[in-house]
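Student: What follows is the residue order along each chain.
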Amino acid sequence: MTETRSPDTDPFAEALFVASSLSCDLRHRLLRPAREADPGRIAFSEAAQCMADPGSPVGRQVLEAARRRPEIGSALAMLAQRFALADMPAVAAASDGTYAIRQAGDFLMRVEQSLQIGGPAYLVIQRAVEGTMPRLVVGIPEAGSPVMHVLPESEDGTIQLLLEAEAALLQLLRDPDCRFLLA
Amino acid sequence: MAGTPRIRVLIATTRGPAQVLNIARENPSVRSVICVGGALAALPVSPVYDAFVREPTGVVERMTGHPVYRTDLSAPIDAGVSWQLGLFLAHALRVADALAMPGESPAKTILVTGGLDRDLKVTPVSHVAEKLARAGLPGEAPGLFLFPKGSDSVAQMHGWNLVPVSDAEDALAACLGRDQAARLVRRACSSRQALARWRSPRLVPGAMSLIAAVALVALVAVLAVLNRDPSGLSAPDGHPDHTGASPVGYMTLSIASRDPASGTCGSPEPVPPGVDSFEGTVCFGRISVSSRGEYRLRMALSGAFSHYVDQSRYRRELVRKTDGTDSLVMQIDFPFWLRDPVWLEVVADMLAMDGRPIRSAKRALEIVPAKTSVY
Amino acid sequence: MAVLDSSGSAIGLRTEISNELAAVLAAVADASGEDGGRYDARVCRSLIQTIAARSYGRPLLELAYLVAAADRLSGRHGYVGFFWTMRVATAGAFRAAALSAAGRGTAPREIDAATDELVISFPGQAYRISYSRMPFLAALLDFCITALGFAEIDGDISVLLSGPRDREAMQSFANGLSRRLYEFLKQHLPSQQYERKFNTICGFISERTGRRAGADAIDDRTVLAFWEERCADRRAGSDFRGFRTVAVNFFHLREALKTAADRLAVEAAAPIGPARDAGEVDPGEICRALEVADSKRSVLADLSLPPANQLKTINKSESARLELVVEAGDAAAILPLTILRAECFGSHQARIVQAVRRGRMAGPDGTVAALVAQPPVEDYGAATAAFQVLAERVQKIRQALMFILFRNGDPEAFEIGFDIFPEIVPALRARVNDPEAELAGNVVPLHPDREISRLLKSAVDGDPETLVEAALFRRARLAFMKVNRRGFEEERVCNPEIREAARASEPLLRVCCDDLAALLRALDRHFSLIPADRVFEEDCRRFQAALAALYGEPV
Chain F
1 MTETRSPDTD PFAEALFVAS SLSCDLRHRL LRPAREADPG RIAFSEAAQC MADPGSPVGR
61 QVLEAARRRP EIGSALAMLA QRFALADMPA VAAASDGTYA IRQAGDFLMR VEQSLQIGGP
121 AYLVIQRAVE GTMPRLVVGI PEAGSPVMHV LPESEDGTIQ LLLEAEAALL QLLRDPDCRF
181 LLA
Chain X
184 MAGTPRIRVL IATTRGPAQV LNIARENPSV RSVICVGGAL AALPVSPVYD AFVREPTGVV
244 ERMTGHPVYR TDLSAPIDAG VSWQLGLFLA HALRVADALA MPGESPAKTI LVTGGLDRDL
304 KVTPVSHVAE KLARAGLPGE APGLFLFPKG SDSVAQMHGW NLVPVSDAED ALAACLGRDQ
364 AARLVRRACS SRQALARWRS PRLVPGAMSL IAAVALVALV AVLAVLNRDP SGLSAPDGHP
424 DHTGASPVGY MTLSIASRDP ASGTCGSPEP VPPGVDSFEG TVCFGRISVS SRGEYRLRMA
484 LSGAFSHYVD QSRYRRELVR KTDGTDSLVM QIDFPFWLRD PVWLEVVADM LAMDGRPIRS
544 AKRALEIVPA KTSVY
Chain A
559 MAVLDSSGSA IGLRTEISNE LAAVLAAVAD ASGEDGGRYD ARVCRSLIQT IAARSYGRPL
619 LELAYLVAAA DRLSGRHGYV GFFWTMRVAT AGAFRAAALS AAGRGTAPRE IDAATDELVI
679 SFPGQAYRIS YSRMPFLAAL LDFCITALGF AEIDGDISVL LSGPRDREAM QSFANGLSRR
739 LYEFLKQHLP SQQYERKFNT ICGFISERTG RRAGADAIDD RTVLAFWEER CADRRAGSDF
799 RGFRTVAVNF FHLREALKTA ADRLAVEAAA PIGPARDAGE VDPGEICRAL EVADSKRSVL
859 ADLSLPPANQ LKTINKSESA RLELVVEAGD AAAILPLTIL RAECFGSHQA RIVQAVRRGR
919 MAGPDGTVAA LVAQPPVEDY GAATAAFQVL AERVQKIRQA LMFILFRNGD PEAFEIGFDI
979 FPEIVPALRA RVNDPEAELA GNVVPLHPDR EISRLLKSAV DGDPETLVEA ALFRRARLAF
1039 MKVNRRGFEE ERVCNPEIRE AARASEPLLR VCCDDLAALL RALDRHFSLI PADRVFEEDC
1099 RRFQAALAAL YGEPV
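Residue numbers (our numbering), protein chains in the order written: chain F, 1 to 183; chain X, 184 to 558; chain A, 559 to 1113.
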């Protein structure tokens, strides 16, 4: 049986048949839970939503996906630059000797240790002037995956976050080459 | 205090009781937090708890002498104030080494609900009966239900002995006996009285809250008279002020006082020129520049407290331009727990295009805070 | 050993769509908004059609203009802020964003936010984009970035935004993105399989009829003969192994040939342009034709999405039974036996395929060969009866929807009544003209809205024994009381989302009813000539032979 193009066929009919079949396939793939094939996949619009409200269910879902998939983390970090209220550069010029402090613009970010042995570390973010407070802190190392953390809401210009002493975010804070964004 | 009978503290809530699992002193540079079961997420009520603990708004620091704690509960508590009496008692029992930790057999279990004001009077709360109903049995140890005197009728419930209380001493007496309760409450009150004497020995405590505000208002009134020479500025190169703005318009130093009674911050008030000290508690200091140009603003707070905090937190610098329509503002928050005088120094340099200062304004202010008990 | 048929889709098509593409599309289609999806069903369908038809050229040019305008309109977050800080992508949300941005003192002069559209006056001719188009363009950009990466697309956009914003720059950006998308789809949405299928089937029809393949040459016999030939030809590839797959291919082919013929007829009088002479096809034209065909085919998908999904009008088994009928569309009346064969023998073949997968063991029934020798579980009589029952059930559901709409004072209720009970039309028209008497139907009411409101009220409050509208409402109420499905609870009848769901579901169910009715009429005609059991017997023999050729000889 012939499988070559019949010279007599209408290219429009062929194109419509192909498009119609592909559209049908796509529709039926979407009726199935298609994300099961790639459960970590998120739409870009959800990443943007995450930046706008990282504490929302969508925001948390996106951050969880970013923890599992470095490429989502990188895309998110890049997006965070657009939403950043403060960009704390890698250079340690605005840091103290132990890099426990970062400062940029109106924002100061510092780490305080617990008095308790094995206690948590406290990440404190302060804004000197009244204004929008960040909801997400993003640490972007020179190499490796970015680390993100949702920040609690604040009404008085100070945010305090408790972290494990060995939390990835704290390790990045100790890294003079790591840059931080507050978004 | 080995052998002191342990008391388990349960905070009564409408969703069931939350046990106080642990209270730990924390770094004075952070804020007090309440967490659940050792987790790292601070409950939303934490900022209110911080204010409840820390002087001058709080009552716990007055009793314990330490301004910051991390407290772990077995279950979350919502916003509101009905946890205040329970957590105050837990702190007091911790001081008396009588707070039962997980794994310890308590001699007594107390289920507590009630607010607490700065005079350690118990304030009324809602849903008292409902909270008791949700508590279940106290366990093997005898159970006391401490609640505000005057609450709506609370039905007896098996296992719980109902104890209406009107102040913290009443509540502590039910736990530790009258003598020990009186000693603990005296410690808390003595700090407050000491504060009152230091400020104004002849004023009744109720009037004390106005002192700082009155002091500041007086300073502002002085400013109105002395405004003729408000500068405190110098132009290092001796050039005239080309901006045309008055020196006051160039840089303003303001401070916001904190009402020791309510703990609330007042509005920032400009510090009159020539004034170099302020007596009272300060929330924050602020400098602002509103003339067009590029500026380097610097603020530094120094004093005896510096030896145990990261001093770089209290040195701030900002370089930025303003087109004259907005003000450049920089603020520095004062530590809450200050007991000794501190010095606030501020500098505003107007910069040339090459970044060198062409004008400079400096101020220094000594802040003498309210003295507190050493306990 | 036969090559296994791997059913890549719910309908049984063997598909070569990559998991990655499916996941990207699913991510965009499922993107969360406010209490639901970010994009509505219509936008998602347009996105799928655009991708399937590869007709993204013009939309990407529109997108270039919109991105450039959005960047000027939006605050410090630039175009990202304009497109994505709103939770739900609707025309209203974009209109609000544009009007608010344009109202600011810093708004750019070259962009005018009009009532219905954005007028972009970059150098060259003014470009207009309606707000109702923006949700689709946002979904397209979402798809591009999700598929190709933010860094890449944002880089291209940065170049666009940093240069002159003239037509050339916009076209250049659109072309660049089009190339990227083309490369991506080449990998993840291969079309060669369907091009091959098209030529194979058309070649078969040409050989069989001795003339160019046309829609009228496709009938039930042709479909079965084609499949039998492919089964017999063991060298043939795996494109046409499943009968159900072949049936769907023929539905699509018939639609494509019919549309192409209609288009030729329309254009016959017009001069033929150079593009037509060169055999070029405009993807935009394909997309528009696809939109028409898909609007009917996607009714089941639309019923499962907001706002219709607040009401469970169709359950899972009903949906499975309707799937082929809806996919066939107009062809349901032309290829009734093909649908019946696909239902009965398609399921039978699926069981055989499963047995082959399990290592030629077919569970308690024995070997694959034994299964091939068995008749299908459901014969044509039973399948036809099941379609009949389904048609009646869908009509009952529509009557229940009519009740919901009556209770909400929605005139759409009468539309359903007219469609299901056409015999009431004269009496109801008379009621509109004269409330007191049933009179002639040639009088036009002076205030139709007022009359309809009066009728809606008397339908609910009036005496069903004397008033035709009240009798209609009673029937609707009885039907509603018998429906025990999610959303059909009396206490929720007046909830706005239930009313909205009823309004959205009704036209979709009407399509299902029309298709079912066409199928049943065609089957009735067919079986009045040759009884169903005789057709079934003959088909059993033919399918057994074909399946034996595919999967092994029967015992």
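Hint data in this document are derived by calculation from the structure and do not stem from the laboratory. C-beta atoms are modelled at their ideal positions from N, C-alpha and C, and glycine is treated no differently. Treat each hint with caution, since some may be false.
[Stated by the list, open to error] Taking CB as the label site, the calculated pair distances span:
(1) F:P57 x A:S862: 19 to 25 Å
(2) X:E549 x A:R667: 51 to 57 Å
(3) F:P70 x A:E1047: 45 to 51 Å
(4) F:E71 x A:R667: 55 to 61 Å
(5) A:K874 x X:L345: 54 to 60 Å
(6) A:S862 x F:G144: 38 to 44 Å
(7) A:E1047 x F:P57: 26 to 32 Å
(8) F:R60 x A:G734: 32 to 38 Å
(9) A:L822 x F:P57: 48 to 54 Å
(10) X:G220 x A:R667: 41 to 47 Å
(11) F:P57 x A:R1044: 19 to 25 Å
Student: All hints, please: hold or fail.
Tutor: Verification of the hints:
| no. | hint | in the structure |
| --- | --- | --- |
| 1 | F:P57 x A:S862: 19 to 25 Å | holds, 22 Å |
| 2 | X:E549 x A:R667: 51 to 57 Å | holds, 56 Å |
| 3 | F:P70 x A:E1047: 45 to 51 Å | holds, 48 Å |
| 4 | F:E71 x A:R667: 55 to 61 Å | violated, 40 Å |
| 5 | A:K874 x X:L345: 54 to 60 Å | holds, 58 Å |
| 6 | A:S862 x F:G144: 38 to 44 Å | holds, 42 Å |
| 7 | A:E1047 x F:P57: 26 to 32 Å | holds, 27 Å |
| 8 | F:R60 x A:G734: 32 to 38 Å | holds, 35 Å |
| 9 | A:L822 x F:P57: 48 to 54 Å | holds, 53 Å |
| 10 | X:G220 x A:R667: 41 to 47 Å | violated, 60 Å |
| 11 | F:P57 x A:R1044: 19 to 25 Å | holds, 23 Å |
Violated hints, in rising order: 4, 10; the structure is consistent with all others.
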